[in-house]
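Number of protein chains: 2
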Amino acid sequence: MEVQHCFILEKSGKFLLFYLEGTTVMGALTIKDIAKICGVSVTTVSRALNNYPGINQETKDKIMEVVREKQFIPNNSARNLKKLENHSIAVLVKGVGNPFFQPMIATLEKFVHKQKYTFILQSVNDNEDEIEVASQLSLEKKPKGIVFLGGYFKHTEAKLRQLDLPCVICAVGSIDEKSSNVCSSVHVDDIRESYRIVDYLCKAGHKRIAIFAATREDKSISALRLEGYRRALADNGLPVCEELIRYSNEGENIYSMERGYHDMKKLLKERDDFTAIYAISDNMAMGICRALKEAGKRIPDDYSVAGFDGLDMSSYYIPTITTVKQPVREMAEAAAEILFDTIENGRGVQHRTFEGEMLIRESSRAIN
Amino acid sequence: MEVQHCFILEKSGKFLLFYLEGTTVMGALTIKDIAKICGVSVTTVSRALNNYPGINQETKDKIMEVVREKQFIPNNSARNLKKLENHSIAVLVKGVGNPFFQPMIATLEKFVHKQKYTFILQSVNDNEDEIEVASQLSLEKKPKGIVFLGGYFKHTEAKLRQLDLPCVICAVGSIDEKSSNVCSSVHVDDIRESYRIVDYLCKAGHKRIAIFAATREDKSISALRLEGYRRALADNGLPVCEELIRYSNEGENIYSMERGYHDMKKLLKERDDFTAIYAISDNMAMGICRALKEAGKRIPDDYSVAGFDGLDMSSYYIPTITTVKQPVREMAEAAAEILFDTIENGRGVQHRTFEGEMLIRESSRAIN
DNA sequence: TTGTAAGCGTTATCAA
DNA sequence: TTGATAACGCTTACAA
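Keeping their order, the protein sequence lines are chains A and B. Sequential numbering from 1 applies to the first sequence in the UniProt record's numbering. Sequential numbering from 1 applies to the second sequence in the UniProt record's numbering.
Heads up, some of the hints might be wrong.
The list treats identical chains as interchangeable, and a pair is accepted whether it falls inside one copy or across any two copies.
Here are the computed lysine-lysine pairs in the DSS-like style, where the Cα-Cα straight-line distance is at most 27 Å [claimed, not checked]: (1) Lys60 to Lys159; (2) Lys94 to Lys116; (3) Lys203 to Lys154; (4) Lys70 to Lys207; (5) Lys32 to Lys269; (6) Lys116 to Lys269; (7) Lys203 to Lys82; (8) Lys94 to Lys159.
It is worth saying that the hints were derived from the structure and are not from the lab.
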């Protein structure tokens with residue numbers, strides 16, 4: 001091992017070993033050390049660091065110089081502990097990585113930064129309770145507001161109220177009626193949008209339409225979109241064939257391409273008494289297309305395929321996927337607006353429902 | 001506004017307003033309040049909360065009962081401030097949302113949990129310095145180790161050493177030679193893998209192969225993959241046509257489908273003296289396919305297309321994309337192994353290079 | 001313009 | 001088995 005040139009600095013009573021480049025080895029510097037080095041009090045250093053008024057510019061410059069030189073980083077835990085609020089907005093996403101949320105996250109971040117707030121992106125695991133995570137985060141970082149992306153939101157009013165923070169639930173299926181007194185929300189009407197696309201398929205002459213839903217027990221978006229499907233069939237005088245409702249098995253990644261692919265293969269083996277497949281996510285729709293292609297079927301000649309969401313990807317796929325696009329950027333924008341309206345103007349809970357956009361593309365056709 | 005039933009609790013000298021459900025309205029409970037309610041000291045509560053030995057089971061049960069009942073959540077900032085270490089692993093991702101990282105993140109999380117560590121996922125913005133973020137996080141959460149996913153890593157040894165934490169850089173193009181004394185790494189040999197796929201195209205009879213690279217100035221994976229391209233052409237006795245090297249413009253989302261799509265349209269307008277297109281990302285390759293399709297070109301009959309990465313998506317696309325797949329799950333596993341080997345066994349810096357897997361699929365063909 | 005000192009909510013050390 | 005009490009590193013009255 002090579003001997004390194006170094007120097008010693010007294011730090012909070014202990015001694016610090018420094019490399020020449022200024023890199024410490026025995027623990028991080030604190031505001032106290034900076035104060036000592038600069039020959040001022042910690043208060044003054046704090047003032048310099050936080051751009052507080054009432055500090056001599058020269059003093060400030062000198063301090064900041066040392067801060068830079070020593071690469072001092074203030075300890076956020078200590079800050080958060082002391083501070084009552086944290087000029088920041090937290091976004092909790094159940095399933096970062098889900099391409100559906102990408103544009104939303106980007107939009108939110110831009111908006112938040114424009115308002116000069118700090119943006120905190122917190123991922124929530126599938127098996128975690130988003131409110132639990134939110135409570136922890138709230139205590140720890142003390143943000144001014146929270147946006148929830150995804151998840152299910154079967155929460156009691158008490159739990160939500162406990163959060164005691166302006167929050168907006170965005171793009172979540174069924175919101176507990178009770179939550180709506182406490183939390184704002186932004187979403188599309190899943191039943192209506194689902195209805196529209198199924199209605200389109202019916203009007204295009206499809207009489208037997210398979211649907212790929214989530215689990216049989218689902219009470220969230222899948223249940224809503226399935227309801228839209230049932231209503232559209234009913235209104236078009238078509239019977240619902242329960243065999244054509246394809247629920248996902250446990251453990252499958254419900255909305256994934258993989259699931260669409262495998263379940264489509266299975267469906268093709270089981271029956272062929274349908275002319276269209278409606279998947280409640282674009283991802284599944286693409287997996288379905290692939291399965292059809294491998295089975296030698298042509299899209300849309302042999303089968304029409306429709307999805308839901310309007311992922312960017314769905315317009316690059318071959319064929320492009322017929323779908324109903326959720327206006328994700330607008331929705332995220334609205335979520336942010338509502339949040340800031342609550343934070344800065346004290347406005348109460350708001351609920352906004354957006355219209356989806358029907359995109360009839362290459363994967364579907366009219367039959368006669 | 002409806003009047004709510006509530007009760008009052010003295011809290012740290014102040015008074016708290018409680019709803020009947022136990023929800024507080026005037027600030028969160030602290031360990032002190034719990035101690036007071038239970039008639040024990042804060043130390044004892046802390047011991048109960050942290051599963052420390054040397055506490056009467058009955059006392060513990062009673063405390064935990066109150067904790068549950070009052071929905072007490074310990075303040076993490078205070079914990080982090082006091083604790084020297086935090087039985088946790090942090091994963092810093094430049095570009096969460098990038099589908100390439102999804103399986104890696106999932107693999108890492110599983111591994112970390114299996115080791116009974118807490119998993120911290122931290123997203124790093126494009127414009128942020130990953131080492132800066134890591135330093136902050138290290139100070140704030142005091143994790144036992146860090147995995148970096150993505151980014152560029154042109155960092156001085158001093159900056160990296162300053163981190164003073166076991167860390168592994170995973171799936172990053174060019175690692176500064178200096179960093180390698182400080183940080184472990186896991187990656188594929190971008191030059192070699194790129195060489196292989198271009199070599200395959202050459203051997204398949206393609207003499208003029210366009211490549212979609214990142215910016216002209218890039219010094220990262222793009223530069224490496226481009227180098228592989230040049231070498232493969234050279235070894236196959238083919239000249240490099242600089243016009244067929246398509247750099248991305250500023251501001252474009254360099255590796256995206258969108259970029260592949262637009263730049264392919266442009267390329268088609270400009271020239272047609274090539275038979276294959278090699279994109280340094282699968283995403284681009286799919287955008288390219290879409291552009292070709294819209295131009296009425298057939299793949300692979302008119303043009304062969306190849307990508308890089310081996311995204312799951314690339315096997316569901318129509319046509320499936322010829323690519324070289326990075327063994328992302330194995331790489332993530334290796335990164336975790338190395339990290340824990342360093343943390344628990346004190347092993348030094350390690351570097352592992354993985355082989356990619358050539359996947360010759362529908363988007364390319366041999367020509368004669 | 002600067003400094004002193006009292007917390008913020010925990011954990012850790014010691015003594016009981 | 002428990003409890004005082006001193007940190008942890010910072011912010012913030014309040015005083016000078």
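Status of the hints after comparison with the structure:
1. For a Cα distance limit of 27 Å, the shortest separation of Lys60 from Lys159 across copies, 25 Å, qualifies, whereas the shortest one inside one copy, 45 Å, does not.
2. In the homo-oligomer, the alpha carbons of Lys94 and Lys116 lie at most 27 Å apart both inside one protomer (25 Å) and across protomers (22 Å), since each shortest distance falls under that limit.
3. Proximity of Lys203 to Lys154 under the C-alpha cut-off of 27 Å is found in neither arrangement, the shortest distances being 36 Å within a copy and 58 Å between copies.
4. In the homo-oligomer, the alpha carbons of Lys70 and Lys207 never lie at most 27 Å apart, since the shortest distance is 73 Å inside one protomer and 56 Å across protomers.
5. Proximity of Lys32 to Lys269 under the C-alpha cut-off of 27 Å is found in neither arrangement, the shortest distances being 72 Å within a copy and 64 Å between copies.
6. Taking identical chains as interchangeable, the C-alpha atoms of Lys116 and Lys269 are never at most 27 Å apart, the minima being 56 Å within one chain and 43 Å between chains.
7. For the homomeric pair Lys203 and Lys82, neither the shortest alpha-carbon distance inside one copy (62 Å) nor that between copies (66 Å) is at most 27 Å.
8. In this assembly of identical chains, the alpha carbons of Lys94 and Lys159 lie at most 27 Å apart only when taken from the same copy (18 Å versus 33 Å across copies).
Hint check: violations occur at hints 3, 4, 5, 6 and 7; the rest are consistent with the structure.
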